[in-house]
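Under numbering that gives the first Met the number 0, the residues of the sequence shown are numbered 0 to 719, in order.
What the hints contain is simulated information worked out from the structure, not anything from laboratory work.
Be aware that one or more of the hints could be misleading.
[Said to hold, decoys possible] Once the Cα atoms are required to be at most 25 angstroms apart in a straight line, the calculated BS3-like pairs of lysine-lysine come out as:
| id | residue 1 | residue 2 |
| --- | --- | --- |
| 1 | Lys-531 | Lys-509 |
| 2 | Lys-532 | Lys-608 |
| 3 | Lys-542 | Lys-532 |
| 4 | Lys-244 | Lys-320 |
| 5 | Lys-207 | Lys-220 |
| 6 | Lys-219 | Lys-229 |
| 7 | Lys-244 | Lys-297 |
| 8 | Lys-592 | Lys-657 |
| 9 | Lys-207 | Lys-217 |
| 10 | Lys-438 | Lys-361 |
| 11 | Lys-76 | Lys-62 |
| 12 | Lys-358 | Lys-532 |
| 13 | Lys-667 | Lys-683 |
| 14 | Lys-568 | Lys-710 |
| 15 | Lys-710 | Lys-696 |
| 16 | Lys-683 | Lys-710 |
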Amino acid sequence: MIKTLVMSFEELEQEPFNAHEFVERLAWKTIGKKARNSYENFDPWSLHSAFEQAIKDLEEKNKQIERNIEKLEHSCKDEEKKHWQRVADLQRRNQTSYSHFQSLDERINLVATKVVHLGDQLEGVNTPRARAVEAQRLMNYLNEFMSDEPPKSAVFTDPFQLQLAADIIQKLYQIALELPANDKFDRARKKIWDKYNYVESELIVEFKNAHSDGDKRKMKKVAAVLSNFKGYGQCIETFITESQKGAYLKPDPFDDVLPLCVRSSEMISDVFSNPDMVMVKLVQNIYHGKLQTHISSKLDHLDDPEEYLVQLYQLYTRTVKLSEELSQFKMGNDSFFLTKLTKQSFAKHLEAYIGSETKYLKERCSAHLQRYYEDTNHIKKQIQSGGLVDFKRDLQAKIGTLTKANVNIGPAVENYGGETFLSQEVTISLLQEAKNAFKRCHVLSSSSDMAGNAVQILDVLIQYLVVEHIDYAVELGLQAIPLPDPRTPPQVYFFDVVGQANTLFHLFEKQFMDSLVPLVISSPRHSECLQKKRDLREQLETKIDSGLDRAITAITGYVKFLLAAEQKKTDFKPDDDSAMLAMVSPACSKVVKFIYGIHRNIRDSLDGKNVDVVLSELGTRLHRVLFEHLQQFQYNSLGAMLVICDVNEYRKCMKEFKIPVVSDLFEKLHALCNLLVVVPENLKEVCSGETLTGLDKSVLQAFIQLRADYKTSKIAMMLK
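Sequences are here, hints too, so could you generate the full structure?
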């Protein structure tokens with residue numbers, strides 16, 4: 000047992016320690032293998048004794064560990080005390096060192112003050128002396144120039160002392176400017192000026208040679224000397240010229256400019272004291288020189304307006320891209336420098352751009368339309384004013400109605416075989432031309448001119464697409480609408496015109512929003528363009544509304560004609576039951592067949608709410624025509640059944656419209672016809688029924704009076 004407990008205590012020092020597992024292992028070792036296999040061999044007292052012994056041993060172990068902890072704590076306190084003693088000693092020593100350092104610093108400051116004072120005294124003595132020496136040296140050189148012979152000093156004759164000669168001659172040049180004007184000094188001044196120019200030119204030659212050799216150190220020294228000369232600008236120009244020699248290796252100079260500027264920028268930073276200014280001059284020279292020459296060679300000889308605009312757009316786009324790439328270099332504080340260079344390079348072409356753009360756009364749009372009308376064998380007509388045409392049509396229709404003959408007092412109605420003269424392909428072509436124009440306008444126009452230029456492009460698009468194509472087709476469609484009182488089935492192609500015109504105008508509106516609005520949205524022209532588009536839509540809708548009204552009038556006019564021509568007075572007062580075999584009258588059959596065809600035409604041609612509006616108006620007018628038509632007859636019992644069959648057929652036809660208002664009107668008409676078959680005793684009850692609710696009593700009375708038995712059955716008395 001003692002051995003087991005020792006093993007168990009060794010487990011206490013293992014990591015991680017789990018108390019539950021420790022107890023389990025202790026119990027497992029205590030009860031033995033036999034007890035685990037058989038309940039009879041299990042001895043709980045032995046397990047109890049083992050746990051008690053383990054608890055005592057653990058308590059003893061705990062006391063032992065507490066004693067060790069007390070010893071360690073005491074040892075730590077002693078060590079901490081010694082540590083703080085060492086820290087205090089270090090602080091005292093550090094304070095002593097700091098005092099010594101302050102004393103040393105004060106002595107150093109005192110010595111430095113005396114040295115500076117001594118230096119100032121020495122400089123005060125040496126500076127006048129150095130100036131005097133320099134002045135004497137310059138006076139000696141000036142004396143040589145004032146003599147009649149050329150300067151003999153080695154500094155002016157030795158080519159290896161060129162930079163020293165440059166320093167001296169530059170100072171002599173400044174002195175010569177202050178000399179009084181007389182013959183003696185004028186000769187000296189001229190000799191100094193000649194030598195000044197000679198030294199300057201020799202320095203530029205030396206700079207050029209150093210550039211050819213790639214000697215940046217020498218270039219920097221020469222440039223520093225020349226920076227005090229008037230010819231410093233010539234030095235920069237020499238560098239720019241030499242840098243571009245052999246730099247343009249590709250056919251397109253745009254490809255060589257960026258590598259050239261990268262190479263030159265590194266050298267400029269190493270050579271010149273003012274690299275930003277030199278870089279500005281280099282880029283300016285490239286734009287006004289090589290690039291402008293390339294642009295002129297590409298554009299000046301072009302006669303084809305399309306090729307000219309395409310090339311102008313491409314070249315300008317490439318130049319803008321190049322400017323963006325060059326913006327990585329430091330070129331002064333003008334953030335618009337590269338933009339100005341780009342505009343200057345294309346100035347001649349940009350000034351005339353919008354004129355070229357609109358001229359080309361007009362030519363292209365006109366060509367598209369002309370080709371389309373030629374393909375359709377159509378010669379465009381001069382459209383007469385709407386008021387005069389409408390007056391002639393209405394007058395012709397009234398005379399025809401009175402005389403029952405076709406009288407032509409104006410232009411004949413021509414439907415062009417159903418041709419609408421509206422082409423989605425032509426519209427897409429016109430819109431694509433305008434889209435390209437807007438795209439070029441966005442790139443080639445200045446911010447101040449962009450909105451105005453975009454409006455000019457819009458005006459061209461409106462003229463050729465909206466006015467000369469869509470509006471022209473609508474006008475032709477209006478003229479092709481049959482007269483209000485046709486004698487033959489009217490061919491109403493105007494519905495096709497309306498559907499296609501709406502589609503094409505939607506395409507125009509989409510490009511208006513996509514291409515034009517971004518160009519004008521930040522200018523006052525935005526509201527002007529929106530108003531212009533609204534006016535166009537209102538004008539088109541007005542003409543379409545007028546045309547739809549005429550088309551519906553022609554349809555209902557033909558229905559009137561069919562009913563008047565086909566419906567006989569005896570249709571609803573048959574003498575025998577044989578009339579019931581046909582179920583519906585011939586007039587009804589023809590009217591329904593005609594309306595079904597018109598309905599399909601409207602559904603196929605129009606879309607959206609236009610379908611519902613047109614069908615609603617057509618259904619309402621047809622109801623009025625049929626209502627008035629049915630009131631022209633008297634009905635016996637068999638005739639009442641026949642008219643109910645006819646009205647039921649009309650009702651089924653109108654249900655296909657799927658317009659609730661129209662369906663309700665024909666339901667009421669059907670209910671009114673039922674009044675013709677109801678036995679007289681039930682009429683009063685039927686009149687107050689739900690279907691006829693809301694109808695005026697005079698309407699009900701008028702329909703009931705159409706019964707053949709109205710007087711004989713004394714129905715009027717029953718309804719009181």
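Legend entry - Violated hints, by number in ascending order, as checked against the structure: Per hint list: zero violations.
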